[in-house]
Amino acid sequence: MTNVKMKTKELRGNTLPAITWNWMDVNDVKIDLQNEQIIPYTAVQSVGTIDHDLKQTFYDLDHGISEEVMRMNDEQCNLANHWTISDSEPIEVRLPQSAENPLLVDQNQIIVPPLQKGTVVLYNYSEDDSRVERNSTILVDVENDAEVKVVLIQRLNENSVSNVSIVARVGDGARLNLATVELGAGNTVFHYMVDMEGFGAESHVKTAYLGSGNDHLDLFYHVRHIGEECISDIQVNGALMDHAVKKFRGTIDFVEGCSGSDGNEEEFTILLDDTVRSIAVPLLLAHEDDIVGNHAASAGQIDDEQLFYLMSRGLSRKESEGLIVESRMTPTFDQIPNEELRLDLRQEVHTRILRR
Amino acid sequence: MANLRSNLTSDHNIKQLDTDHKVRQLNTDRNVKRLDTERILAEKAAEREALKESRRKERAEKLKERTYVEELDRGVYDIKNPNTYEIMLEKGLNEEIVREISSIKNEPDWMLEKRLAALKIYREMKNPNWGPDLSELNMDEIATYIRPKAQMESNWQEVPDEIRRTFELLGIPEAELDYLSGVGAQYDSEVVYHNVKDYLALQGVIYTDFDSAVVEYPEIIQEYFGTCLKPNLHRYSALHYAVWSGGSYVYVPEGVHVDIPLQSYFRMNAPGAGQFEHTLIIVEKGGSLHFIEGCSAPRYNTINLHAGGVELFVKEGAKLRYSTIENWSRNMYNLNSKRAIVEKDGVIEWISGSFGSRVSMLYPASILIGEGARSEFTGITFAGAGQTLDTGAQVVHKAPHTYSTVETKSISKGGGKAIYRSLVQVDEGAYGCKSNTDCQSLMLDAQSRGDTIPTIILKNDDVDFGHEAKIGRIDDQAIFYLMSRGLSEEEAKAMIVRGFAEPVAKELPLEYAVEMNELINLELKGAIG
Amino acid sequence: MSKMLEVKNLKVAVDDVEILKGIDLEIGRGEVHVLMGPNGAGKSTLARTIMADPQFEEVEGNIYFEGENINEFSTDERAKLGIFLTFQNPLEVAGISVEDFLRTTKMELTGEDISVLKFKRELQGHMQDLDLDQVYAERYLNVGFSGGEKKKGEILQMSVLNPDLVMLDEPDSGLDVDAVRIVSETVADFLSDKNKSCLIITHHSVILESVKPDFAHILIDGKIVKRGGPELIERVNDEGYNWIREELGMEKVHDEVLD
Numbered sequence: 026m027t028n029v030k031m032k033t034k035e036l037r038g039n040t041l042p043a044i045t046w047n048w049m050d051v052n053d054v055k056i057d058l059q060n061e062q063i064i065p066y067t068a069v070q071s072v073g074t075i076d077h078d079l080k081q082t083f084y085d086l087d088h089g090i091s092e093e094v095m096r097m098n099d100e101q102c103n104l105a106n107h108w109t110i111s112d113s114e115p116i117e118v119r120l121p122q123s124a125e126n127p128l129l130v131d132q133n134q135i136i137v138p139p140l141q142k143g144t145v146v147l148y149n150y151s152e153d154d155s156r157v158e159r160n161s162t163i164l165v166d167v168e169n170d171a172e173v174k175v176v177l178i179q180r181l182n183e184n185s186v187s188n189v190s191i192v193a194r195v196g197d198g199a200r201l202n203l204a205t206v207e208l209g210a211g212n213t214v215f216h217y218m219v220d221m222e223g224f225g226a227e228s229h230v231k232t233a234y235l236g237s238g239n240d241h242l243d244l245f246y247h248v249r250h251i252g253e254e255c256i257s258d259i260q261v262n263g264a265l266m267d268h269a270v271k272k273f274r275g276t277i278d279f280v281e282g283c284s285g286s287d288g289n290e291e292e293f294t295i296l297l298d299d300t301v302r303s304i305a306v307p308l309l310l311a312h313e314d315d316i317v318g319n320h321a322a323s324a325g326q327i328d329d330e331q332l333f334y335l336m337s338r339g340l341s342r343k344e345s346e347g348l349i350v351e352s353r354m355t356p357t358f359d360q361i362p363n364e365e366l367r368l369d370l371r372q373e374v375h376t377r378i379l380r381r
Numbered sequence: 002m003a004n005l006r007s008n009l010t011s012d013h014n015i016k017q018l019d020t021d022h023k024v025r026q027l028n029t030d031r032n033v034k035r036l037d038t039e040r041i042l043a044e045k046a047a048e049r050e051a052l053k054e055s056r057r058k059e060r061a062e063k064l065k066e067r068t069y070v071e072e073l074d075r076g077v078y079d080i081k082n083p084n085t086y087e088i089m090l091e092k093g094l095n096e097e098i099v100r101e102i103s104s105i106k107n108e109p110d111w112m113l114e115k116r117l118a119a120l121k122i123y124r125e126m127k128n129p130n131w132g133p134d135l136s137e138l139n140m141d142e143i144a145t146y147i148r149p150k151a152q153m154e155s156n157w158q159e160v161p162d163e164i165r166r167t168f169e170l171l172g173i174p175e176a177e178l179d180y181l182s183g184v185g186a187q188y189d190s191e192v193v194y195h196n197v198k199d200y201l202a203l204q205g206v207i208y209t210d211f212d213s214a215v216v217e218y219p220e221i222i223q224e225y226f227g228t229c230l231k232p233n234l235h236r237y238s239a240l241h242y243a244v245w246s247g248g249s250y251v252y253v254p255e256g257v258h259v260d261i262p263l264q265s266y267f268r269m270n271a272p273g274a275g276q277f278e279h280t281l282i283i284v285e286k287g288g289s290l291h292f293i294e295g296c297s298a299p300r301y302n303t304i305n306l307h308a309g310g311v312e313l314f315v316k317e318g319a320k321l322r323y324s325t326i327e328n329w330s331r332n333m334y335n336l337n338s339k340r341a342i343v344e345k346d347g348v349i350e351w352i353s354g355s356f357g358s359r360v361s362m363l364y365p366a367s368i369l370i371g372e373g374a375r376s377e378f379t380g381i382t383f384a385g386a387g388q389t390l391d392t393g394a395q396v397v398h399k400a401p402h403t404y405s406t407v408e409t410k411s412i413s414k415g416g417g418k419a420i421y422r423s424l425v426q427v428d429e430g431a432y433g434c435k436s437n438t439d440c441q442s443l444m445l446d447a448q449s450r451g452d453t454i455p456t457i458i459l460k461n462d463d464v465d466f467g468h469e470a471k472i473g474r475i476d477d478q479a480i481f482y483l484m485s486r487g488l489s490e491e492e493a494k495a496m497i498v499r500g501f502a503e504p505v506a507k508e509l510p511l512e513y514a515v516e517m518n519e520l521i522n523l524e525l526k527g528a529i530g
Numbered sequence: 240m241s242k243m244l245e246v247k248n249l250k251v252a253v254d255d256v257e258i259l260k261g262i263d264l265e266i267g268r269g270e271v272h273v274l275m276g277p278n279g280a281g282k283s284t285l286a287r288t289i290m291a292d293p294q295f296e297e298v299e300g301n302i303y304f305e306g307e308n309i310n311e312f313s314t315d316e317r318a319k320l321g322i323f324l325t326f327q328n329p330l331e332v333a334g335i336s337v338e339d340f341l342r343t344t345k346m347e348l349t350g351e352d353i354s355v356l357k358f359k360r361e362l363q364g365h366m367q368d369l370d371l372d373q374v375y376a377e378r379y380l381n382v383g384f385s386g387g388e389k390k391k392g393e394i395l396q397m398s399v400l401n402p403d404l405v406m407l408d409e410p411d412s413g414l415d416v417d418a419v420r421i422v423s424e425t426v427a428d429f430l431s432d433k434n435k436s437c438l439i440i441t442h443h444s445v446i447l448e449s450v451k452p453d454f455a456h457i458l459i460d461g462k463i464v465k466r467g468g469p470e471l472i473e474r475v476n477d478e479g480y481n482w483i484r485e486e487l488g489m490e491k492v493h494d495e496v497l498d
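First to last, the sequence lines map onto chains X, R and U. Under the numbering used here, the first residue of the first sequence is numbered 26, with each subsequent residue one higher. Under the numbering used here, the first residue of the second sequence is numbered 2, with each subsequent residue one higher. Under the numbering used here, the first residue of the third sequence is numbered 240, with each subsequent residue one higher.
Calculated directly from the structure, the hints in this document are not laboratory data. Backbone N, C-alpha and C define an ideal beta-carbon position, used for all residues, glycine too. Hints are not guaranteed to be accurate.
[To be verified] As a list, the in silico DSS-like pairs of lysine-lysine whose alpha-carbon atoms are at most 27 Å apart: (1) X:Lys-343 with U:Lys-462; (2) R:Lys-460 with X:Lys-55; (3) R:Lys-115 with X:Lys-343; (4) R:Lys-198 with R:Lys-231.
[Stated by the list, open to error] If you only want the chain X side, here are some residues facing chain R, beta carbon under 8 Å, derived: (5) Thr-45; (6) Ser-123; (7) Ala-124; (8) Glu-125; (9) Leu-140; (10) Glu-253; (11) Asp-298; (12) Asp-314.
[To be verified] Covered stretches of chain R, going by a simulated chain X footprint (3 or more residues, C-beta under 8 Å): (13) 43-53; (14) 294-302; (15) 452-462.
Could you put the whole structure together from the sequences, leaning on the hints where they help?
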């Protein structure tokens, strides 16, 4: 990227809904978006027309990573997609980036009308080693009794920066399935916020990540139970190697009136090297008694007995580790409709661990 | 930007024209489908409304039986004595007040210097931007030093009648006879009674009030004071070091096992005052001690502040159990700081029961600096109407093969807020550490709040770490089961709550466990049933 | 010619407590050995040490495979030599199907690419032998398997990976009569190839009727205290271990359960 004006003020975002001791540096995260210009993105064309009223409605719910990042997204937007889903084939959009397309600032609206079902896959990846930036907002409106699966795959190179904000609203009896795969970018900031407004609304999130090199991953989730009898879960599985740093910050928020709701979050990290950092802040906020909330976080090396078992069948240590990491990621990969892509991702996880 | 967007839109329009005829056909199909959709949606909506209605009725049935009393009669804890005192410094905080406290106590210069340095830090620091709202707390309205009309005695008969009666009603002298090996009793800013069994004194065990320790054991106090809990830790730690008064000093020599607990009891009688006792405990190599801390105060309409400081040094292979049953009145801001440094193979066990106060911020910390050191934290917090109890634990694993467990229970009712906040950190090079956390929250009604805010920081790969948390309310099936065996609903719920608190109760000496269960019953009365 | 497996004066301790106190064991090509002994004698420890279980760090003595000292060989290296151990409690590996797992492993062991279709056919044959449903191959490895399915899965892996020396650690415990028969027949069939050797740990005689062991070793308190042929197995099954203890002047243990 030539002639990039550097930002002088430090950008921060993904602020916890309930903050805690400042010295631990978990209340928010530094954002590494440097671009201030409007640069076109030429790899694919926009689809549909952005609904500006809807955008405003969602901005009123949540500002994604931060108000400033959202403002930059508005100003620099170079790809705008709007899908109104009706029972159809999965929509798959490939979003390559390279020296030719160093900047992707995309706005996406996924509207699922009542009773409709659909799948949207957004696949963002690097085609070369150049530093690229992405700043994305994805608004998902799942109306009554509708169901949508949103799959986000990120495979930028280690020099790059990925910032993705998803803001979603789920209506009566509706269901949002979100699967995210974070295999790339030296700096990943992910933000998911959902308002489950409807009676019996559901949000299911599965994330798989692999952090290596000097990767810094910030995975932020904020699930708000507003309607009665809402169900949510967040499952985050991943592995860290080299000097990778991962911050998982997930909040299940039971708003007063969400009687009969059930929320779960589970985070599991495999630590492959001595030099990794694994940070977890799993919040449960309850303003309602008639609910069930659970969270579990665990981290550690691969279980010795499991390694011994696999090695006793003749797999090398690394091969066994790769297999175990892959196995933890399978539930997320299984959400990807495109089998070729699925295999490709598994292969990448495998090779990266073997290469270690 | 606007250009770019309109381009995108016009591209889209061209495409749109190309496919216009298809769309027309589709629209006809869609119209048919739309009618279907509308019908199905209407049906679904009607079903849902019926379901919502019935669920709401069920819930209303349950709620109908619940009532709660705004403020409970807290019995003996609420006894108010007339506010008579020998010295009461003017409210507020400034250098003169700090100097005056120091001069009343005839302190050495180094202590005054520490106080003044802490005051400077206090002034530079702000209230935390997280956690409970402390804006109501105005230091200009708090008297930092109140000397009761009493000297320190080692015989209860010498303690002035009125003060003695208070402690008698709280059961302290009786407990001393029955199951304690030493007692300290603080009334407002000064310790009025201190005694330790002779046989312990003969083994070299020191248990005295902190003011006396500064005079009698200056070297050791100077060496340890303020090194575990530093004044710059947070604003109220700085305040503590500026105006501390009273508290306890315990020294357990190498290899000595203090088999019967020691207890310090802190009572605040004066309204609009602060209590800032300092507790320093050293358990030398291979020694052991169980120390119990109790706190209470009658209720006033003015704000009181408790900002005590607890510094614990657990040496190689030593073991210290530190139990607290805190039942401050609902006008108290309890901003207490507790911290333990644990050396090789040493063990710190925290037992913590938080029942009282308007606002609590309390997170006992264990710093495990020696290989094989261990920290076990067991806590219960019960937040009722008008209370915000922000409690938890901190553990820092600094050495290899160190172990920690955190087990907490939070209960909230009547609009109370119980917040669990914690940190578990495993440092670089601290290999082979194990840590387990289990926190459970029980909500007794919809007005209350229960939040869980844990942070976990792992800086190496050789750790075995687990964290679990659950939040919810009493299971209706459990109540039904107990009621089917003949218990009333109130009894059934109380039994479930007691069972919930059992892991903490079982760690306390029997008498304290009974006291805790009584506190729970007291808190539950009128809340449910 | 050297034996397939030679174990010489093998000692294993955990936290300074000796579990194996100097074991000598030789298994020749085509031989079937049974290892018997009361619970806690160290039978599984012996098999797991031969497989280089990292949980046993304090190991002394020597282990030779086909004449080569393998003391320094890691678990997977030993597996590649052709040693195989069935686990009493096989671990669950969610997200990896039985078929994927076995094909990957087989390729790793043989160093050859194996086509998906060819492998599927081979696997299905083995699964039929064990009376396993075809969907079994698609299920995640050991996840949600019943006790019987796990045991059969271990035998299935043995059949597919085709090792030279199989160590069967209670392959029959917890199985119903039919399953024991199927597992026994599969193992016997596998061992009918006279290039295969076997060390079997079991309390049951059913499986031994099929596989017909040549030698029996009795392990008590970390030592092999008696060796013999099939007649020894019969006597232990009838009378337990106390007569051996008596012979050796050891203290008798009462209420011993032969499970």
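Original post:
Which numbered hints are broken by the structure, listed smallest first?
Top reply: 1, 3, 4, 6, 7, 8 and 14
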